[in-house]
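In order, the protein sequence lines correspond to chains A and B.
Counted the way the numbering used here counts, the first sequence spans residues 1 to 265.
Counted the way the numbering used here counts, the second sequence spans residues 266 to 552.
These are computed hints drawn from the structure, not numbers from a lab.
Possibly wrong hints are sitting among the right ones.
[Claimed, not checked] Quick list of the computed label-pair ranges, beta carbon to beta carbon:
(1) B/Ile443 x A/Gly155: 17 to 27 Å
(2) B/Phe334 x A/Phe53: 15 to 25 Å
(3) A/Ile63 x B/Gly497: 39 to 49 Å
(4) B/Phe334 x A/Arg4: 30 to 40 Å
(5) A/Val74 x B/Gly315: 24 to 34 Å
(6) B/Glu318 x A/Val74: 40 to 50 Å
[To be verified] Cut-off 20 Å, straight-line C-alpha distance, at most; resulting in silico cross-link-like pairs (EDC-like, lysine to aspartate or glutamate):
(7) A/Lys214 x A/Asp95
(8) B/Lys267 x A/Asp128
(9) B/Lys548 x A/Glu51
(10) A/Lys158 x B/Asp484
(11) B/Lys513 x B/Glu302
(12) A/Lys214 x A/Glu51
Remember, predicted model here, so these are calculated numbers, not experimental data.
Using N, Cα and C, we set each Cβ at its ideal position, and we do this for glycine too.
This is what each chain is made of:
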Amino acid sequence: MRPRYLIPFFYILFLMLPIYWLVAMSFKTTNEILGGFSLFPQRFTLENYREIFTNPTWYWGYINSIIYVSLNTVISVAVALPAAYAFSRYRFLGDKHLFFWLLTNRMAPAAVFALPFFQLYSAIGLFDTHIAVALAHCLFNIPLAVWILEGFMSGVPKELDETAYVDGYSFPRFFTSIFLPTIKAGVGVAAFFCFMFSWVELLLAKTLTAVEAKPIAATMTRTASSAGYELGLLAAAGTLTIIPGAIVIYFVRNYIAKGFALGRV
Amino acid sequence: MKTENQKAWFFVLPVLILVAFNALVPLMTVVNYSVQETFGNNQFFWEGLGWFEQILRSERFHASLGRQFFFTFMILIIEVPLGIAIALAMPRRGFWVPVCLVLMALPMLIPWNVVGSMWNIFTLPRIGLLGYFLNDVLGIHYDMTQQPVAAWITIIVMDVWHWTSLVVLLCYAGLVSIPDAYYQAAKIDGASNWKVFRYIQLPKMKTVLTIAILLRFMDSFNIYTEPFVLTGGGPGNSTTLLSIDLVKIALGQFDLGPAAAMSLIYFAITLFVSWLFYTLMTKDDQE
């Protein structure tokens with residue numbers, strides 16, 4: 001092993017330490033956590049996980065999150081596909097301004113929108129529903145999906161489209177049976193990043209829900225403040241939220257940089 | 266190259282409607298509040314630019330804006346050089362590449378409130394791994410609920426932990442796109458490591474590095490959840506960043522006017538940096 005590999009090695013070690021601590025904590029009993037320091041769980045317990053999987057307040061948090069995140073991913077990618085195609089293939093009035101305006105929404109601070117979002121979604125009677133959070137997250141996920149997909153589509157030569165038209169394909173048939181399969185990696189990456197950014201967001205999801213659609217993140221913060229020192233439970237809930245990302249990340253490993261850079265790498 | 270076609274607007278329309286609904290309606294609400302005074306009961310009075318003047322002159326705003334810039338500045342000067350160094354040291358091919366990529370990306374995929382909770386658990390005195398190590402093994406008094414300096418160091422280290430990988434992954438993507446022939450040519454010319462970095466690697470990383478810096482600037486400027494969960498803005502107001510302060514005013518005190526004026530000033534700064542980002546990006550597309 002070359003000595004320079006020590007740099008990424010120690011960096012990854014640094015990244016893994018807090019994660020290890022969270023996971024280790026989730027297997028400890030409350031007594032052990034408060035009783036003193038131990039590097040490994042002394043009395044290994046699954047009690048914290050059992051609590052989460054049997055208590056509806058907890059497991060409904062996960063179900064709610066998964067519902068609105070999935071809804072959001074489907075909506076974002078579905079509407080972003082034609083738009084990204086338009087941006088990558090055509091010039092039209094105001095295209096550059098529109099593309100820029102989309103970006104500003106990806107960059108907008110969620111805190112600015114928290115209160116008006118609450119009022120808007122209350123006014124149209126969607127407060128505390130899954131669709132409200134799914135629509136609200138479109139604010140930053142649609143721009144993200146459009147930018148990522150546009151990046152992938154611009155890499156496909158225009159000759160593909162022209163050949164298809166010469167061969168007598170109609171636009172819808174060309175788009176679904178030729179174009180989509182060509183950029184399926186891009187669709188996967190866009191979907192992954194929409195899923196991820198909706199999954200990690202808390203402020204808007206918390207503002208727009210109360211009971212019925214309360215996300216896991218909100219359940220966690222409320223537990224943290226109300227129940228005091230339920231650290232083991234909190235750690236178990238946290239560990240479970242890492243799993244979806246950890247599973248899917250392997251499949252998009254070659255596109256992580258592209259996705260985070262809005263398709264511009 | 267691209268053909269002119271106004272019908273493309275129909276393709277963009279669904280996106281336009283959805284994003285406009287989410288962006289313009291709330292934005293207009295904010296604009297509305299920012300120029301009016303309310304005493305409840307849904308009665309509003311014209312206030313003009315009074316709130317803006319008040320906010321721009323208020324020491325509280327100056328303080329949180331100052332803390333915000335300090336935070337953003339600190340994480341940039343740590344994350345960017347560190348990210349470049351790690352990207353340069355990473356293996357370019359072989360079994361360990363995907364392992365590194367996946368492990369490094371992991372922190373970025375963790376929900377932001379969990380990042381806060383995780384660091385809270387990690388740094389608790391006596392209970393947390395880091396807190397125990399500093400207090401009981403090294404004998405350094407460390408308690409971020411009491412010491413502003415400790416709280417600051419913790420949120421900066423947390424952000425470095427959370428987002429340095431973004432810089433690493435982007436720089437790495439730039440580095441692997443350099444053909445081997447460049448390195449061979451440099452070797453024949455007898456170029457030093459520094460010269461290889463300065464004249465081959467750095468120019469190739471220029472674009473990705475610009476993206477990384479601007480993204481890190483924007484996202485750290487908008488940061489809310491992680492420091493809110495970790496320190497709640499405390500001790501005192503010492504780690505109250507711009508977003509935290511804004512949410513305190515808007516949802517905590519329900520001072521709609523000042524909160525709205527502050528939102529618009531905040532948004533204007535964000536807009537300016539987005540414009541910078543866009544200009545640099547499109548300039549590159551044309552080259």
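Right, here's what the structure says about each hint:
1. Distance hint for isoleucine 443 of chain B and glycine 155 of chain A: a CB-CB separation of about 19 Å, consistent with the stated range 17 to 27 Å.
2. A hinted range of 15 to 25 Å is violated for the C-beta pair phenylalanine 334 of chain B and phenylalanine 53 of chain A, which are about 45 Å apart.
3. The hint said 39 to 49 Å for the Cβ distance between isoleucine 63 of chain A and glycine 497 of chain B, and at roughly 28 Å that hint is violated.
4. Evaluation of the 30 to 40 Å hint for phenylalanine 334 of chain B and arginine 4 of chain A yields a pass: the beta carbon distance comes to about 34 Å.
5. Take valine 74 of chain A and glycine 315 of chain B: their Cβ atoms lie about 45 Å apart, and the range 24 to 34 Å is violated.
6. A hinted range of 40 to 50 Å holds for the C-beta pair glutamate 318 of chain B and valine 74 of chain A, which are about 46 Å apart.
7. Straight-line distance between C-alpha atoms of lysine 214 of chain A and aspartate 95 of chain A comes to about 38 Å, which puts the hinted pair past the 20 Å bound.
8. With a C-alpha separation of about 44 Å, the suggested pairing of lysine 267 of chain B with aspartate 128 of chain A is violated against the 20 Å cut-off.
9. The suggested pairing of lysine 548 of chain B with glutamate 51 of chain A is violated, with an alpha-carbon distance near 54 Å, which exceeds 20 Å.
10. Between lysine 158 of chain A and aspartate 484 of chain B the CA atoms are separated by roughly 35 Å; this puts the pair beyond 20 Å, and the hint is violated.
11. Taken as a hint, the lysine 513 of chain B and glutamate 302 of chain B pair is honoured in the structure, with Cα atoms around 18 Å apart against an allowance of 20 Å.
12. Taking the CA atoms of lysine 214 of chain A and glutamate 51 of chain A, the gap is about 18 Å. The hint holds against a cut of 20 Å.
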